[in-house]
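For the sequence shown, the positions run 1 to 601 when UniProt numbering is used.
Misleading hints may appear alongside valid ones.
[As the list claims (entries may be wrong)] No farther apart than 25 angstroms at their CA atoms in a straight line, the calculated lysine-lysine pairs in the BS3-like style are these:
no., residue 1, residue 2
1, Lys552, Lys568
2, Lys521, Lys540
3, Lys568, Lys530
4, Lys568, Lys521
5, Lys256, Lys223
6, Lys574, Lys552
7, Lys487, Lys521
8, Lys572, Lys530
Derived by calculation from the structure, the hints in this document are not laboratory data.
Note that the coordinates shown come from a computational prediction; the quantities given were computed from them, not determined experimentally.
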Amino acid sequence: MTSKTLSNIRNFSIVAHIDHGKSTLADRLIQMTGTVTDREMTEQLLDSMDIERERGITIKAQTVRLVYDAKDGQQYILNLIDTPGHVDFAYEVSRSLAACEGSLLVVDASQGVEAQTLANVYQAIDNDHEIVTVLNKVDLPAAEPDRIREQIEDVIGIDASEACLISAKTGLGVDTVLEAIVSKLPAPQGDPDDTLKAMLVDSWYDTYLGVMVLVRVINGSLKKGQRVKMMGTGAVYDVDRVGVMTPKFLQVDELKAGEIGVITGSIKEVADTRVGDTITLEKKPCAEALPGFKPAQPVVFCGLFPVDANDFEDLRSAMGKLRLNDASFSYEMETSAALGFGFRCGFLGLLHLEIIQERLSREFDLDLIATAPSVVYQMTLTDNTDVELHNPADMPDVVKIKEIREPWIRANIMTPDEFLGGILKLCQERRGLQIDLSYVGSRAMVAYDLPLNEVVFDFYDRLKSISKGYASFDYQISDYRAGDLVKMSILVNEEPVDALSVLVHRSQAERRGRAMVEKLKELIPRHMFKIPIQAAIGGKVIARETLSALRKDVTAKCYGGDATRKRKLLEKQKAGKKKMRQFGKVEIPQEAFIQALKMDD
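Whole structure, please, built from the sequences with the hints as guidance.
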């Protein structure tokens, strides 16, 4: 294999904020290189899941190989990875970038640089990428390409004077992007004659072919029939098939250094293929493994329970199937007095939680109840052991706890100037600490340290409503800090309801408790007896509402006569109610749980 073929390969990914046109640009590149016939072409071709298409977001990074005949008469192989833009799927972006040498930075010519644009482009710069700037949507009346060019230079600090001006929707100027990829992005480095060394970029489950592994070959070559070893897990597999994605799987004889392709080999579970692992030959391994990635850490936990207890086994198998395709989703069994058997699940963020829930109800036809999302707390007990707390209901006795630490994030918010006051107020309410405030033209960039617990509930929705949808938000977990956190229990008829208990900061407890009991008062139907609904911290009740009793008219039969007759009947009713209340069981409808867990301030 000559170096000429290596110099004719370009591996690149597309990075951008949500809705700036990554997937649409990918569609045009696929179309213009003739990879897919016009008959097979659909919009957002690489977004294969129904949810991705409906919501207009990319969830899984997808790969496609394009063959391009450039103007210099040479034929190039372009490996494109379309990445997600949403903060919950940042780990998908990080590993896609590690497989490439360059990135297309797509910026909406009317909206400019957003928080996620920054986060993703800095990741690309950290991976030593060559970056080609693309200004999309220049055909819109609101587009201001010259202003946005300046903004990119000011905010990101990369030269945007030669940015490609395109409209991915109409195809205007997309040919200049193809030429820029070939002329500005570097070819991959690698030695095709060295021993095999390949990086595991991604893996997913295919019903017919089993686990498919996306690899980037660094040195050597991968052929069918080789016995390969995963250096991280030590597992050994025989390679059954070698191929490339054009978006469909196409078998090839071998993958050489610098190429990105897919292999299969009797691998049972996606969990067996660790992203970032190094693949090498069993008999002749390479000297050292690649640095790899940190595994995706779940940030938000919540319990998922079937509405009908008989669906528990169906839920178990559905989760197993989802886990096949999404190794970042973790779950374990748990039981709750109020909700029965279910699972405690870990997610990368609230959008991830929402997507998994939607996929469970849609693809497997399950009705689910989700408990309040909570984050992972670290605790040091009085005997100096460290434990992690995933579920507020499992919190040990207060006297045994020396200190509780909660996760904090560094949030970057970009907003038009007129909404800044409301956003600062929101961050202060959520116990935020302002780190930095700077201006880019008429837009403010705010950096805040916030406790993740306060962000998990509805921070994103509130941010969008305060800023009429114009603010953008990006975060990464920074550290764990000690805080004055307490467990707030909800008692209905003096019985604790474990599914409603939450960990809150002491300063917020009363407000949250009051909101919760007021909401439950509206949601629980009235019974024949009075029901107290209380929020308590330990033995101290901090908020209470009383649901009044339904009353049967026992005096209806008394026409006239002595008043004592009526009084006697009422006394008898009262005694009966008292007894009823002692033994009465309160039925809390399932809708009440779901509504009560949706906290709105």
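Tell me if the straight-line CA distance from Lys572 to Lys530 falls inside 25 angstroms.
Holds, because 16 angstroms separates the two Cα atoms, which is no more than 25 angstroms.
Checking one constraint from the list: CA of Lys521 to CA of Lys540, max 25 angstroms. Satisfied?
holds (20 angstroms)
Proposed proximity, Lys521 with Lys487 (alpha carbon, max 25 angstroms):
holds (21 angstroms)
Keeping to a limit of 25 angstroms between CA atoms, is the pair of Lys568 and Lys521 held or broken?
At roughly 31 angstroms apart (the allowed maximum being 25 angstroms), Lys521 and Lys568 break the hint.
Next pair to validate is Lys574 with Lys552; report whether the Cα-Cα distance is within 25 angstroms.
Distance of about 11 angstroms is within 25 angstroms: holds.
For the pair we were handed, Lys256 and Lys223, check the Cα-Cα distance against 25 angstroms.
Given pair Lys256, Lys223 holds - Cα atoms ~9 angstroms apart, limit 25 angstroms.
Hint check: Lys552 vs Lys568, CA-CA at most 25 angstroms. Holds or violated?
holds (15 angstroms)
With a cut-off of 25 angstroms on the C-alpha distance, tell me whether Lys568 and Lys530 pass.
Distance ~21 angstroms between Lys568 and Lys530 Cα, so the pair holds.
Comparing the model with each earlier hint shows a violation of hint 4 alone; every other hint is respected.
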